[in-house]
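Peer 1: Can you make the complete structure from the sequences, with help from the hints?
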Amino acid sequence: MIALLLSVTEITLAQVIVKGYHYHPTGDFGFVFKPTFSAELGVMGSFIEGRKLRGVVTGTYVKLKPRLNEIPITGVRSDGTGDHILPGTQSFKKYNIAQLLLGFDYAFIRKEKFFVYGGFDLTVGRANVVYTEYVQTYMESSYDGGGVLGGCRFRLGAEYLLNPYFSLLINAQRGGWLLTDPAAINFANDYGLGVKYNLNL
Amino acid sequence: MKKRMIMICTLLIFLNSACKKPLKDVNDYFPVVKTVAAIVQPDGSVLLTGEVESSGKTKDAAIRYVGFCVSTVTEPKMLDRQLIAELSGTKFTATYSGSLFNVDSIYHFRSWGSNRYGYAYGNSIALDSIIAEPVTPPCNLPNNMINIGASQPTAYYDAISGPDTDYSIVATSFNGPSVTFKFATALTTGVFQTTTDPTPTGKQVNVSFYYQFISGALNAGSKVFVKKMNATGFEITICEAPWVYNTSTLYLNTHLITP
Numbered sequence: 001m002i003a004l005l006l007s008v009t010e011i012t013l014a015q016v017i018v019k020g021y022h023y024h025p026t027g028d029f030g031f032v033f034k035p036t037f038s039a040e041l042g043v044m045g046s047f048i049e050g051r052k053l054r055g056v057v058t059g060t061y062v063k064l065k066p067r068l069n070e071i072p073i074t075g076v077r078s079d080g081t082g083d084h085i086l087p088g089t090q091s092f093k094k095y096n097i098a099q100l101l102l103g104f105d106y107a108f109i110r111k112e113k114f115f116v117y118g119g120f121d122l123t124v125g126r127a128n129v130v131y132t133e134y135v136q137t138y139m140e141s142s143y144d145g146g147g148v149l150g151g152c153r154f155r156l157g158a159e160y161l162l163n164p165y166f167s168l169l170i171n172a173q174r175g176g177w178l179l180t181d182p183a184a185i186n187f188a189n190d191y192g193l194g195v196k197y198n199l200n201l
Numbered sequence: 001m002k003k004r005m006i007m008i009c010t011l012l013i014f015l016n017s018a019c020k021k022p023l024k025d026v027n028d029y030f031p032v033v034k035t036v037a038a039i040v041q042p043d044g045s046v047l048l049t050g051e052v053e054s055s056g057k058t059k060d061a062a063i064r065y066v067g068f069c070v071s072t073v074t075e076p077k078m079l080d081r082q083l084i085a086e087l088s089g090t091k092f093t094a095t096y097s098g099s100l101f102n103v104d105s106i107y108h109f110r111s112w113g114s115n116r117y118g119y120a121y122g123n124s125i126a127l128d129s130i131i132a133e134p135v136t137p138p139c140n141l142p143n144n145m146i147n148i149g150a151s152q153p154t155a156y157y158d159a160i161s162g163p164d165t166d167y168s169i170v171a172t173s174f175n176g177p178s179v180t181f182k183f184a185t186a187l188t189t190g191v192f193q194t195t196t197d198p199t200p201t202g203k204q205v206n207v208s209f210y211y212q213f214i215s216g217a218l219n220a221g222s223k224v225f226v227k228k229m230n231a232t233g234f235e236i237t238i239c240e241a242p243w244v245y246n247t248s249t250l251y252l253n254t255h256l257i258t259p
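In order, the protein sequences belong to chains G and V. Counting from 1, position 53 in the first sequence corresponds to residue 53 in my numbering; the numbering is continuous, with no gaps. Counting from 1, position 14 in the second sequence corresponds to residue 14 in my numbering; the numbering is continuous, with no gaps.
Simulated from the structure, these hints should not be mistaken for laboratory data. Keep in mind that the hints are not guaranteed to be accurate.
Said to hold, decoys possible - The calculated BS3-like cross-link candidates involving lysine-lysine, where the alpha carbons are at most 25 Å apart (straight line), are: (1) V:K91 - V:K57; (2) G:K34 - V:K24; (3) V:K34 - V:K91; (4) G:K94 - V:K20; (5) V:K77 - V:K34; (6) V:K57 - G:K65; (7) V:K59 - G:K34; (8) V:K77 - G:K34; (9) G:K93 - V:K24; (10) G:K34 - V:K20; (11) V:K20 - G:K63; (12) V:K59 - G:K63; (13) V:K24 - V:K59.
A quick note: this is a predicted structure, and the numbers were derived from the prediction, not measured.
Peer 2: So, in structure tokens, the structure goes:
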């Protein structure tokens, strides 16, 4: 709620940010998908004028590619002769994520031109997923759909004011989100470099 | 300042924790198994030994299943005559029955293992001329003869059928006894043992017969010598095997070759 209020307030003082980042899926998500590059666009407030807290609203889109074209999976079938371990494959054709992030940054260190801050975002979005699954003699299925996602993201970052118009930003972030369909809990880190442009001058 | 440092450190720890950081080589998620040995046993079966070199390089990558497969192609797949083995430490073993093998073919044995991420194969070991050690019965009888003992005359089989899908062989003679051999499993070269149980198990065989008004079955514990001749043909010999008729113990001798 605080973040929302800050964000709405700060939009009037908006400063546009463009950030490129390297996205690293972790855990099981990182087993399946390769790290990739993407960009984040948005608006954010400023730490100048004595403020320690600023709102941030951004949006991003990540297109993930699988590490293996076919992941070797197994299934188990039991019958009168016992268990049978059945070989198969799972193949992701598409895993695209669109996210809207709403949050705030808190400056731990605040100098005239340099700030170090921690941040937190809430995220909502959608994932579009296409995959096929095949287990020999047992099943063959395909999925083409997606679901709503929701989660949060933490961040550690630094900002340096180049001049009254431009700042450089560097961020390390860790996020997790829950996807409704196909059901999954995914985690990822990202490391980004951005530019902020002050529209209000 | 101290408060700031604590907050920064907390965030750094969270960001760096990256629980279950992905492995650089995706193949490291899967098990690494090795087919250590494939040894032909005296009865023609093949004893396989495998070893798990790695269950996968993540902490949660425990082995779920291990086993073997065999085929005449160089890289058999998991479902080719699949055998699931029990893991004992890092080793696992399993035995393929000799009845699966044709002496003229080359067979490739391969181990496999699975964990929560998937599965992987081990190396293949090729074996040719898989054959049991010779089985030599203690008696030398003419082909396709049957004698159930006492004063009954020696006869010769006129028709032999089987082994059937239930592993039974029926040998019939018009002027002598007809004999049914009921094995528990597919026939292979080796020595089987008679049982009075009509549903034998393991290397047991139930041998029953009838001739005119006489019928009977061999006592438990006699040896039945089986030699695999080719893909479908077997030579079976029984020497002086006791059976009880009324209160008398009689001795059966037979020797037959299935078509």
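Peer 1: Hints first: check each against the structure and report whether it holds.
Peer 2: Outcome of the hint check:
1. V:K91 - V:K57: holds, 18 Å
2. G:K34 - V:K24: holds, 10 Å
3. V:K34 - V:K91: The given pair, whose Cα atoms are some 10 Å apart, holds under the 25 Å limit.
4. G:K94 - V:K20: Status holds; Cα separation ~23 Å.
5. V:K77 - V:K34: holds, 15 Å
6. V:K57 - G:K65: holds, 22 Å
7. V:K59 - G:K34: Holds. V:K59 to G:K34 sits at ~20 Å (cutoff 25 Å).
8. V:K77 - G:K34: Violated, at roughly 28 Å.
9. G:K93 - V:K24: This hinted pair holds, its Cα atoms lying about 22 Å apart.
10. G:K34 - V:K20: It holds: about 15 Å lies between the C-alpha atoms, which stays within 25 Å.
11. V:K20 - G:K63: holds, 22 Å
12. V:K59 - G:K63: Roughly 28 Å separates the two Cα atoms, so the pair is violated.
13. V:K24 - V:K59: Given that 25 Å is the threshold and the Cα spacing comes to 15 Å, the pair holds.
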